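Numbering follows the working numbering, with no gaps: position 79 of the sequence shown is 79.
Just so you know, these hints were derived from the structure itself, not from any lab.
It cannot be assumed that every hint is accurate.
[Stated by the list, open to error] Straight-line alpha carbon distances no greater than 25 Å define the calculated SDA-like cross-link-like pairs of lysine to any residue that follow:
1) K123 - P53
2) K57 - Y6
3) K33 - N61
4) K111 - K42
5) K123 - A24
6) K116 - S80
7) K57 - V72
8) K39 - N10
9) K23 - V72
10) K33 - W7
11) K42 - S80
12) K111 - R122
13) K116 - Y6
14) K68 - I92
15) K68 - I94
16) K68 - N10
17) K68 - W118
18) K42 - V72
19) K111 - S78
20) K42 - K57
21) K57 - K116
22) K39 - A5
23) K57 - H43
[Stated by the list, open to error] Beta-carbon label-pair distances, calculated as ranges:
24) P3 - E109: 37 to 45 Å
25) A9 - N115: 14 to 22 Å
26) E49 - D93: 33 to 41 Å
27) G51 - T91: 31 to 39 Å
28) K123 - D28: 13 to 21 Å
29) H22 - P119: 37 to 45 Å
30) A45 - S80: 39 to 47 Å
31) P119 - A75: 31 to 39 Å
32) S4 - K42: 14 to 22 Å
33) H95 - R50: 39 to 47 Å
34) K42 - C64: 32 to 40 Å
35) H22 - H95: 29 to 37 Å
36) D17 - E109: 23 to 31 Å
37) E25 - V104: 31 to 39 Å
Owing to the predicted nature of the structure, the values given are computational and were not obtained by experimental measurement.
Backbone N, C-alpha and C define an ideal beta-carbon position, used for all residues, glycine too.
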Amino acid sequence: MAPSAYWTANEELAFVDFLVAHKAEAGDGSNFKAATFQKAAKHLAPMLERGAPKNAKSCGNKYCAFRKLYRVVRAIQSVSGWTWDDETGTTIDIHTASSWDDYVRVHPEAKPFRNKGWPHFRKMETLMPATVAGVNVYHAASAPPPTASQPSAASSIDSDEDSEDPSAEEQPNGSSDVEEVRH
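Whole structure, please, built from the sequences with the hints as guidance.
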């Protein structure tokens, strides 16, 4: 079995900096292609201190791991009553220890961040795609085009200007005086 890649703190920092500098190469979901990871491996080669040299696969695996860590930290940040610091983590004290212990029972991946931060959070934040909370988000591109029975907004404006509706007399303040019809 081939030796696995070992990442030093300097290599991790250089890797994240490389990805930030090459952010344009990532797609909409912030997914880098293998070619970018291959370039990152070449960039990291002179820094190798121990372990196997980095390659596209090891760089891709490290990025995947960093994305998971990013999501763990974002989840921690969303918990009411806790504060987050990139150096000291969640900074759990005697007042928050009970809620932290309950949280870690359900989310064991958060355990390392009790009183230890993650130095790559802010840079990874720039790489992660923006997400919108909720599912009821309107996308104009997904709306169906108007049909013949639905006049477009422009044609309904034009037809309103040309209509001779006596009940829609123009008022001095620019509003129309239209009677409300009740059924």
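Results for each hint:
| no. | hint | in the structure |
| --- | --- | --- |
| 1 | K123 - P53 | holds (24 Å) |
| 2 | K57 - Y6 | holds (13 Å) |
| 3 | K33 - N61 | holds (12 Å) |
| 4 | K111 - K42 | violated (33 Å) |
| 5 | K123 - A24 | holds (14 Å) |
| 6 | K116 - S80 | holds (19 Å) |
| 7 | K57 - V72 | holds (23 Å) |
| 8 | K39 - N10 | holds (17 Å) |
| 9 | K23 - V72 | holds (22 Å) |
| 10 | K33 - W7 | holds (21 Å) |
| 11 | K42 - S80 | violated (43 Å) |
| 12 | K111 - R122 | holds (20 Å) |
| 13 | K116 - Y6 | holds (21 Å) |
| 14 | K68 - I92 | holds (22 Å) |
| 15 | K68 - I94 | violated (28 Å) |
| 16 | K68 - N10 | holds (20 Å) |
| 17 | K68 - W118 | holds (12 Å) |
| 18 | K42 - V72 | violated (29 Å) |
| 19 | K111 - S78 | holds (16 Å) |
| 20 | K42 - K57 | holds (12 Å) |
| 21 | K57 - K116 | violated (28 Å) |
| 22 | K39 - A5 | holds (16 Å) |
| 23 | K57 - H43 | holds (14 Å) |
| 24 | P3 - E109: 37 to 45 Å | violated (26 Å) |
| 25 | A9 - N115: 14 to 22 Å | holds (18 Å) |
| 26 | E49 - D93: 33 to 41 Å | holds (36 Å) |
| 27 | G51 - T91: 31 to 39 Å | holds (32 Å) |
| 28 | K123 - D28: 13 to 21 Å | holds (19 Å) |
| 29 | H22 - P119: 37 to 45 Å | violated (20 Å) |
| 30 | A45 - S80: 39 to 47 Å | holds (45 Å) |
| 31 | P119 - A75: 31 to 39 Å | violated (18 Å) |
| 32 | S4 - K42: 14 to 22 Å | holds (19 Å) |
| 33 | H95 - R50: 39 to 47 Å | holds (42 Å) |
| 34 | K42 - C64: 32 to 40 Å | violated (20 Å) |
| 35 | H22 - H95: 29 to 37 Å | violated (43 Å) |
| 36 | D17 - E109: 23 to 31 Å | holds (25 Å) |
| 37 | E25 - V104: 31 to 39 Å | holds (36 Å) |
Checked against the numbered hints given earlier, the structure breaks hints 4, 11, 15, 18, 21, 24, 29, 31, 34 and 35 and satisfies all the rest.
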